[in-house]
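Spelled out from the first residue to the last, the chains are:
Protein chains: 2
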Amino acid sequence: MSKKNIITPRTLSGFMELPPQEQVLFERIKRTLETTYQMYGFFPIDTPVLEYSEILLAKQAGETEKQVYRFKKGDKDIAMRFDLTVPLAKYAAKNYSALTFPFKRYAIGKVYRGERAQKGRFREFYQADIDIIGDGSLSIVNDAEIPSIIYTIFTDLGLSNFTIRLNNRKVLNGLFEMNGLSENATDIMRIIDKIDKIGVEETKSELIGSGMEENTADTLLELMTYKDTNENILAKLETYTGSNETFDLGCQELKDVVYYIGKFGVPESNYRIDLSIARGLDYYTGTVYETFVDDHPEIGSVCSGGRYDNLAEYYTKKNLPGVGMSIGLTRFFYVLNEYQYLNTKLNAPADVLIIPMTDDMSSAVSISARLRKEGLRTQIYMEKKKFKAKISYANKLSIPYAMFLGEDEIRDDKVTVKNMYTGDQVTVSLDEAITVMQESLAGLEAEAIITKE
Amino acid sequence: MSKKNIITPRTLSGFMELPPQEQVLFERIKRTLETTYQMYGFFPIDTPVLEYSEILLAKQAGETEKQVYRFKKGDKDIAMRFDLTVPLAKYAAKNYSALTFPFKRYAIGKVYRGERAQKGRFREFYQADIDIIGDGSLSIVNDAEIPSIIYTIFTDLGLSNFTIRLNNRKVLNGLFEMNGLSENATDIMRIIDKIDKIGVEETKSELIGSGMEENTADTLLELMTYKDTNENILAKLETYTGSNETFDLGCQELKDVVYYIGKFGVPESNYRIDLSIARGLDYYTGTVYETFVDDHPEIGSVCSGGRYDNLAEYYTKKNLPGVGMSIGLTRFFYVLNEYQYLNTKLNAPADVLIIPMTDDMSSAVSISARLRKEGLRTQIYMEKKKFKAKISYANKLSIPYAMFLGEDEIRDDKVTVKNMYTGDQVTVSLDEAITVMQESLAGLEAEAIITKE
Numbered sequence: 001m002s003k004k005n006i007i008t009p010r011t012l013s014g015f016m017e018l019p020p021q022e023q024v025l026f027e028r029i030k031r032t033l034e035t036t037y038q039m040y041g042f043f044p045i046d047t048p049v050l051e052y053s054e055i056l057l058a059k060q061a062g063e064t065e066k067q068v069y070r071f072k073k074g075d076k077d078i079a080m081r082f083d084l085t086v087p088l089a090k091y092a093a094k095n096y097s098a099l100t101f102p103f104k105r106y107a108i109g110k111v112y113r114g115e116r117a118q119k120g121r122f123r124e125f126y127q128a129d130i131d132i133i134g135d136g137s138l139s140i141v142n143d144a145e146i147p148s149i150i151y152t153i154f155t156d157l158g159l160s161n162f163t164i165r166l167n168n169r170k171v172l173n174g175l176f177e178m179n180g181l182s183e184n185a186t187d188i189m190r191i192i193d194k195i196d197k198i199g200v201e202e203t204k205s206e207l208i209g210s211g212m213e214e215n216t217a218d219t220l221l222e223l224m225t226y227k228d229t230n231e232n233i234l235a236k237l238e239t240y241t242g243s244n245e246t247f248d249l250g251c252q253e254l255k256d257v258v259y260y261i262g263k264f265g266v267p268e269s270n271y272r273i274d275l276s277i278a279r280g281l282d283y284y285t286g287t288v289y290e291t292f293v294d295d296h297p298e299i300g301s302v303c304s305g306g307r308y309d310n311l312a313e314y315y316t317k318k319n320l321p322g323v324g325m326s327i328g329l330t331r332f333f334y335v336l337n338e339y340q341y342l343n344t345k346l347n348a349p350a351d352v353l354i355i356p357m358t359d360d361m362s363s364a365v366s367i368s369a370r371l372r373k374e375g376l377r378t379q380i381y382m383e384k385k386k387f388k389a390k391i392s393y394a395n396k397l398s399i400p401y402a403m404f405l406g407e408d409e410i411r412d413d414k415v416t417v418k419n420m421y422t423g424d425q426v427t428v429s430l431d432e433a434i435t436v437m438q439e440s441l442a443g444l445e446a447e448a449i450i451t452k453e
Numbered sequence: 001m002s003k004k005n006i007i008t009p010r011t012l013s014g015f016m017e018l019p020p021q022e023q024v025l026f027e028r029i030k031r032t033l034e035t036t037y038q039m040y041g042f043f044p045i046d047t048p049v050l051e052y053s054e055i056l057l058a059k060q061a062g063e064t065e066k067q068v069y070r071f072k073k074g075d076k077d078i079a080m081r082f083d084l085t086v087p088l089a090k091y092a093a094k095n096y097s098a099l100t101f102p103f104k105r106y107a108i109g110k111v112y113r114g115e116r117a118q119k120g121r122f123r124e125f126y127q128a129d130i131d132i133i134g135d136g137s138l139s140i141v142n143d144a145e146i147p148s149i150i151y152t153i154f155t156d157l158g159l160s161n162f163t164i165r166l167n168n169r170k171v172l173n174g175l176f177e178m179n180g181l182s183e184n185a186t187d188i189m190r191i192i193d194k195i196d197k198i199g200v201e202e203t204k205s206e207l208i209g210s211g212m213e214e215n216t217a218d219t220l221l222e223l224m225t226y227k228d229t230n231e232n233i234l235a236k237l238e239t240y241t242g243s244n245e246t247f248d249l250g251c252q253e254l255k256d257v258v259y260y261i262g263k264f265g266v267p268e269s270n271y272r273i274d275l276s277i278a279r280g281l282d283y284y285t286g287t288v289y290e291t292f293v294d295d296h297p298e299i300g301s302v303c304s305g306g307r308y309d310n311l312a313e314y315y316t317k318k319n320l321p322g323v324g325m326s327i328g329l330t331r332f333f334y335v336l337n338e339y340q341y342l343n344t345k346l347n348a349p350a351d352v353l354i355i356p357m358t359d360d361m362s363s364a365v366s367i368s369a370r371l372r373k374e375g376l377r378t379q380i381y382m383e384k385k386k387f388k389a390k391i392s393y394a395n396k397l398s399i400p401y402a403m404f405l406g407e408d409e410i411r412d413d414k415v416t417v418k419n420m421y422t423g424d425q426v427t428v429s430l431d432e433a434i435t436v437m438q439e440s441l442a443g444l445e446a447e448a449i450i451t452k453e
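From first to last, the protein sequence lines stand for chains A and B.
In terms of our numbering, the first sequence has 119 at position 119, counting the first letter as 1, and numbering is strictly consecutive.
In terms of our numbering, the second sequence has 208 at position 208, counting the first letter as 1, and numbering is strictly consecutive.
Check before you lean on any hint, since a few could be wrong.
Identical copies look the same in the list; a pair holds intra-copy or inter-copy alike.
With a Cα cut of at most 30 Å, we get these calculated DSBU-like pairs of lysine-lysine [claimed, not checked]:
| no. | residue 1 | residue 2 |
| --- | --- | --- |
| 1 | Lys386 | Lys318 |
| 2 | Lys386 | Lys414 |
| 3 | Lys373 | Lys30 |
| 4 | Lys263 | Lys418 |
| 5 | Lys414 | Lys390 |
| 6 | Lys345 | Lys386 |
| 7 | Lys197 | Lys373 |
Everything labelled a hint here was simulated from the structure, so no lab data went into it.
Chain A with its partners taken away, still in its complex shape (with noise of 0.2 Å):
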């Protein structure tokens, strides 16, 4: 048994790997995604880490495939997945005659980028997807719900200042092709995704560089730069109606979505039309949605999304329209963490420890299996240690409550039960301590995992 070589425990770098408290903190964020996914009545799909590399790169080209882990076992040429959206396409496309359309799932997963490693850079990170496909067609009612989702989300989560920006492809592209710039909309798209970056001068620089007129310039860039409300937006766009027909189909998509946003119970203040919100990916085709956090622009999107036509072209010759959004947990977690937002009175792993005072830990036992049937999560502090030992357990995993258990308490049929909190210490029933614990954790249940922003 005698080790000759002891190796150094590390960690790839770029990997995420949390104390054990952060972790308990990020799977509250992760449940809460999940059951408000649910609540929608999104299917989980979990599809392989590991695929052909054949289907994962059937699209893909230039930086993504360079960044991708892909390697030969046995005579298979296999890729771990860089996102959950290709794996989808590949599902629906394989399972399209078991499945039933207008198609719901939601996945959170891994994937993996080989990217340059840096600070707040992943190379394995969790993904939080969700999209509603349909068979042909999709009601544009659908891509009013998504943002009522991210709306639901980050509310529970305890945000309340974030807006997520509206806009449409079809506006965009209807706008260029009035202006005769149909040919160069990839190029112009991408110029005006940087505007919150590169700002308005730059933007416009970078437009008349790509062979636009200065006055064509100016004029799509004071239409995607208007701020004003939703309503007075959309009778702008109004204006602009009856010459196009892509502009105007954008529009009333536009309009039908920002009007269902609202009956969804999304607050005004919280969607917004945002002519300048672009989205880098010709993947998409109408709706298209980005998230911020107001008071921290600098963290970018947390939550973006859109409509797109075809899913699964690479795979089928079905026609899968379709609207989703994806949140980059990891990142979003990390970002938290980072500002120290999370509310650190939530990672305890347990409600209750429970420190048996006697040799014979029985009655710690047989209370512990009466408090989880009642719904707290109990540990049982089992080794012989001094009080100062075991109640520096307590502490240092920051569990709300102590229950000590003594031989007078075991005599009398009572048990100790100290607030972590406040120091308050009482002697009562089992069922008294209970009562009290359930009340008092239901008013820390309810608190935000977001404490600030």
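Got chain A sorted already, so can you dock chain B onto it with the hints?
Here is chain B on its own, set in the frame of chain A:
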């Protein structure tokens, strides 16, 4: 946008990819494990799927090494984890000074083994592990907590006829020492471990083949196959005590564990000392467990574990004893599903499908928001289809309630609710409808996920 080639969508063999409704059931089982682990105060820990090969393969040799997915990325030699124990060992060693001991952690995650593909064997599968790690020492009462967790999980899932079989490696090692067999202990253990598969006679021949005297083999086998109440087996072991320290210690541990398992509320019918349980791995040093579904011994152990002296000897000189268990969740689900033991009434993605009968869907949308607030998983059928197609959607997804919203309902401020199981349909106020659905769904949610055994 025209596509030249369609790539046939396919999934690597040995990688489970479930249809949507089966995935709902899988997630319910996973959630039951998670919730139970949390009720016992375990921390969630999420380590990367990828690690340095040097770390993962510090101990392994032979079979496992061949199965590992291993590749180079840049100059890094990387491997995919093949279990959750090695990453835990690394984690505990790496974070030793920041951790509070005993350190209780659960992990439910995918692991990878490139085994020969065959029915019911998976190359990517979930393990659901718990471990309690001590710093230098760890109370034996922890060894009794693990079976109580196994009991809670299987009972909550709906199983009742299962048996946790217990043994202690010190009892076996002590017996071998008493018979002058300690040098062959590992070989003997391996032979005995197969007793269920190959029978007593064949085991005896193998023991003799390994160099054991026939009468020693008889003595050992008589004891190991002795079936009786836990109390009587302990009494029988007692008669052998007094001559070997290891044996005596093992008997005392077994006695303590049996005593405390009862205190945890586990009925005698669900756990039993079985002196033939050895567990192949040389890793275990004390208590060992296996769990069998009584009517289906052919499945093998569905949950195994035990006590070990030294979790992280390859990564630290610290002595970290622990006790834990693992459920092979993917295989467990696969078996239950194959045997059609799962409660398909629980496989719906939503509790209620709102079917709007008017063009404007704003009533449906507002009502959906209210239903979700009341805890009802709610979907709206938004597509323009014939009524038959709409109701067929609810049927195909086995959604228990459909709610119709026609002009009449909207005018009268009512909703029509149909119970899709019974066909009963009522037109009532929204509040009444919510009450009706909540009551009936509470009954459904109280049903077990495993319905037969």
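Status of each hint after checking the structure:
With identical chains, the CA atoms of Lys386 and Lys318 are at most 30 Å apart between copies only, with a shortest distance of 22 Å across copies and 69 Å within one. Taking the closest pair of Cα atoms, Lys386 and Lys414 come within 30 Å of each other only inside a single copy of the chain (22 Å); across copies the shortest separation is 65 Å, beyond that limit. For a Cα distance limit of 30 Å, the shortest separation of Lys373 from Lys30 qualifies both inside one copy, at 25 Å, and across copies, at 19 Å. Only between protomers do Lys263 and Lys418 lie at most 30 Å apart by alpha-carbon distance; the minimum there is 24 Å, versus 47 Å within a single protomer.
Proximity of Lys414 and Lys390 under a CA criterion of 30 Å is satisfied intra-copy only: 20 Å inside one chain copy versus 59 Å between copies. For the identical chains of this complex, Lys345 and Lys386 are intra-copy neighbours only, at 26 Å inside a copy versus 52 Å across copies, given an alpha-carbon limit of 30 Å. Taking the shortest alpha-carbon separations for Lys197 and Lys373, neither the intra-copy value of 54 Å nor the inter-copy value of 38 Å comes in at or below 30 Å.
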